[in-house]
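> Residues per chain, in single letters:
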Amino acid sequence: MQPITLALAKGRPAKSTIALLEKTGIHFHDFHEKSRKLVFYNDDQSIKLIFVKAIDVPTYVEKGAADIGIVGKDNILESQADVYELLDLKLGKCKFAVAGKDDQILEQNRQLTIATKYPTIAKKHFEKKGQSIEIVKLNGSVELAPLIGLADYIVDIVETGSTLKENGLSVMEDIENISTRLIVNKASFATKSAEVQHLINQLKSALE
Amino acid sequence: MQRHVTEMNENKNVADFQMRDELITTLKNRFTTYGYKQVRTSTFEHYDMYSNIIGTVNKDDMIKVIDPTGKVLVLRPDVTIPITRITAANHNSNTFNQRLFYVLDVFRQSAAFPNQKESTQAGVEFFGENTPEVDSEVIMLAIHTLGDMGFENFKIEIGHAGFFKELIQQAALTEQELELLQTLIQSKNLAEIELFLENMPIENELKLAIQSIPMLYGEPGSVIEQAEKIIRNSKMQSVLRNLIDVYEVLQDYGAEDYVVFNLGLINNMNYYTGIIFQGFVDKFGQPVLMGGRYDNLGQQFETEMPAIGFAFEVDYLLQAIQQQDLAEPDSQAVDIIIYYMKEKQKEALTTAYELRNQNYQVLTFSKDSSSIKPLSSITIVNYDEEQNVVSTKGRQHRFSDTKDILSLLKETKGDL
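Protein chains in written order, with the working numbering: chain A, 1 to 208; chain B, 1001 to 1416.
Because the hints were derived from the structure by calculation, they are not lab data. All values reported here derive from a predicted model rather than from experimental measurement. For each residue, glycine too, the CB sits at the ideal point set by N, CA and C. Please note: incorrect hints may appear among the correct ones.
Per label pair, the in silico range of CB-to-CB distance [said to hold, decoys possible]: (1) A:S16 / B:E1118: 41 to 47 Å; (2) B:K1165 / A:S141: 47 to 53 Å; (3) A:H27 / B:Q1319: 33 to 39 Å; (4) A:K10 / B:F1017: 49 to 55 Å; (5) A:S141 / B:T1174: 36 to 42 Å; (6) B:Q1170 / A:L144: 48 to 54 Å; (7) B:H1144 / A:K10: 50 to 56 Å.
This is chain A alone, in the form it adopts within the complex (with noise of 0.2 Å):
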């Protein structure tokens, strides 16, 4: 039998998925925090575990390199991957939302310039609004944009606001709520059938 492939994100979400796994009776004992290899076993074989970066986990499961991914919907939204999005492991639990400037309220008759490090949910969260808006692209501390004036406001993952409220900033529209989830190739869905819906029957179990 092939086995299961599971892209695993690297860092906080591997390892509370992981321990997830060790509830069900998946063990891999060859994997420890501090290991720089990227492929692991359980014991009998039956799955093989990958480590990638995290927003590149969608695009692992979407294009078959891996039957099962285990990655946070945020980047499930920004890679717009077509896959099955079977389970919520309610882990890593945080939310999309607009935030400014403190004494800002939210305006909608100009344009507004948009900074983010995730510019497809910006933009479909502001055409669905009918807002139109600039994006700036960022790839960290996004949220001195709008304290230096490079964009208005911006879009990003807000777990306690306390990032926010240091710098100033406020949350001002929530997007969506996030939390770790279980996506599935479509094609593996199908022609192995058997397998990836008996390990979310036991990852489903665990959680309960």
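Given chain A, put chain B in place with the hints provided.
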């Protein structure tokens, strides 16, 4: 000079094209064995025809052209609609069956994929009858063809356009809500479907029925069993009956290993009225074929004409074949190479002509003038000054004319 990088054209070299051509030949041969006849439709179609038919191709996706009289034309964005129009126009009796197939390029544009404007579809359309036997024969043709291509692990997902439609009609959703719900069901996003339904003014039993749709998936027997639990009216009952009937015929084809039911299957082409299906091959996340029954499309052209069809995405098939290494190694070789001295040119060229008449691939090289190093070949023919020699499969013979070569080729045909 400006360099043009053509990202649009995936097939960059001769070997790729050979592979594509072989694939298309395989498809055509299989379609033909089921009694289908090839047709072609015009590359240019009237924009109005497409914009008048509801629920087909997004208007923005069509590539438009304006002709000298000011009429707006589109580059064929889909084949099913023009074929239906042509068949409807030629249709003159109620007792007819027509099996047609095509291999044609379709053209669409989208902002998301600016480099994918054309793709090749190879499809079949069956006009004239709506019976489970017809439906299953068409699905069997898809299965048979996927087998021909060497795929080992593939599945046809079968659903029904009416099942979800009937269920959702009872929920009275707005168009936007319906669109969102369809997207969620298509991605089997159970968590968000639940969230979406939570605040809707829908009775609980219906909510549970809608939530169960994405997981009505898998082995037909068990899907039917689960689906029966959420049936709410006679229409849904007859939809399920239809699926069972089709599956029973497929079992008699011995096709049950390749079929799963997916009642969460929703096709964005809105004209489907009955069975819908799509095919997946191992490790390829997009369906390589899609199709279904569309009995009402003929009415758009004033004809009652039940119909079912499907189309392969040839480019996807090629990608999957390459990905799984199913392609036969490309042979650069030809059947026969003839080398000749200038003095024997007439003899050599006559032989080449006669061999080609017998359908052998033949290349000729003049030993005096050609400096190109030729390709490999199983059979080599030499016209030297004092003798003519043919060598094939480790045997060497002198010969006097083409007949000798042909009889040697016949003799050694079975040898390796």
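> Are the hints correct? Go through all of them and say.
Status of each hint after checking the structure:
1. A:S16 / B:E1118: 41 to 47 Å: holds (45 Å)
2. B:K1165 / A:S141: 47 to 53 Å: holds (49 Å)
3. A:H27 / B:Q1319: 33 to 39 Å: Once the Cβ atoms are compared, 36 Å apart, the range 33 to 39 Å for B:Q1319 and A:H27 holds.
4. A:K10 / B:F1017: 49 to 55 Å: violated (41 Å)
5. A:S141 / B:T1174: 36 to 42 Å: Holds, at about 41 Å.
6. B:Q1170 / A:L144: 48 to 54 Å: With Cβ atoms ~52 Å apart, the hint holds.
7. B:H1144 / A:K10: 50 to 56 Å: violated (44 Å)
Consistency with the previously given hints fails for numbers 4, 7, ordered from lowest to highest.
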